[in-house]
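Peer 1: Using the sequences and the hints, build the whole thing.
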Amino acid sequence: MTKKWLLLIPAGIILSACNSAAPTTSVPQSQAAPTAVVGAPTPSVKAAMSYAPADLSDQQLDKDMAAADKELSSLEKDSTGVDLSFNDTPIDVNK
Amino acid sequence: MKQQKIIATATLVASLISFSAMNAMPAWAAPRTTTPVATAAMADKAVARLAKVRANADKEIDRRVAVLNKLVTKLGVLKGVTDAQKATLTAQVQAEIANLTALKAKIDADTDLATLKADKKSIVDSYRVFLLFVPQITITAHADRILGTAAILQTLADKLSVRVDAAKTAGKNVTAASAKLADMNAKIADAISQANNAITTVGGLTPSGYPGNKPTLISARKMLATARTDLRMARQDVAGVRTGLKTK
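Which chain is which? The protein sequence lines are R and F, in order. Heads up: the first sequence runs through residues 5 to 99, numbered per the numbering used here. Heads up: the second sequence runs through residues 317 to 564, numbered per the numbering used here.
By construction, these hints were calculated from the structure, which means they are not laboratory data. There's no promise every hint is true.
No farther apart than 30 Å at their CA atoms in a straight line, the calculated lysine-lysine pairs in the BS3-like style are these [as the list claims (entries may be wrong)]:
{"#": "1", "chain 1": "F", "residue 1": "Lys390", "chain 2": "F", "residue 2": "Lys368"}
{"#": "2", "chain 1": "F", "residue 1": "Lys386", "chain 2": "R", "residue 2": "Lys74"}
{"#": "3", "chain 1": "F", "residue 1": "Lys361", "chain 2": "F", "residue 2": "Lys420"}
{"#": "4", "chain 1": "R", "residue 1": "Lys74", "chain 2": "F", "residue 2": "Lys562"}
{"#": "5", "chain 1": "F", "residue 1": "Lys390", "chain 2": "F", "residue 2": "Lys530"}
{"#": "6", "chain 1": "F", "residue 1": "Lys538", "chain 2": "F", "residue 2": "Lys386"}
{"#": "7", "chain 1": "F", "residue 1": "Lys484", "chain 2": "R", "residue 2": "Lys67"}
{"#": "8", "chain 1": "F", "residue 1": "Lys538", "chain 2": "R", "residue 2": "Lys81"}
{"#": "9", "chain 1": "R", "residue 1": "Lys99", "chain 2": "F", "residue 2": "Lys538"}
Peer 2: Given below as structure tokens:
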């Protein structure tokens, strides 16, 4: 009885190891990874694009300056609203 | 005979004076006779007056609620303000809308002119929509725009910094360009600091603190003016840096 158990226990361990190593289910064709779209950036390219160095050309700096000018001009107009917001509008209680 | 004439003349003059005095008597001194018709007319007049004052008060409240709703929308699109600051201000404005709506219901139920007038006066005295909330939110929104513009200029400064470093590596004299760039960075930093200070300064103001907190609003407005000047100077520095980069 004891010898029988001594044989069965290692056999069970080996069988269990074999089962965990082997794939138990196969991936159906429909669930397989989608094929890449031709021309679309791969994830690694996308990551590289987001960390791409800034465009430091004169043309780009001109564009950036124009954008800053537009914002500054808009800011000046908005400041009039700040001043106007201080205007008092009293109420005539008798009216 | 002559004496009789004098007495007659004196009597006539006295009668005339007395008659004239009676005519000049003020209305309150004259005997009153109030007819039921006159009483009803007076009551109608009082009701009409109440309705007119009430309608005007309702109009003033509606105007304020409309402005406050616009302020809530304005707060919703702010980007540079923290979520906590935005939530605090939005809650304040929404509480104000609820209070004004309750006041409107009270005004609509007022039956005597004195109470109605007191309630109408409280639209200004207790709620301070135009005197506190409008400048407070406008300052916060303007500071938020300043932070946005500062971010654009900071991106530009960072790009220019790379260009200056590259020129330096290439052996060019970048002293002037570097000085302008340093000034630009300092101006942007100050603009950001001023805008954030303005937001913090007006953040905790409440209607009950008015007019004592008016100087705080004015000081926040000055901070924004300083920030705008900083940004204009930073923009001028951009041209200076680029000119500096072109020199050999």
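Peer 1: Quick check: which numbered hints come out false for this structure?
Peer 2: Violated hints: 1, 9; rest satisfied.
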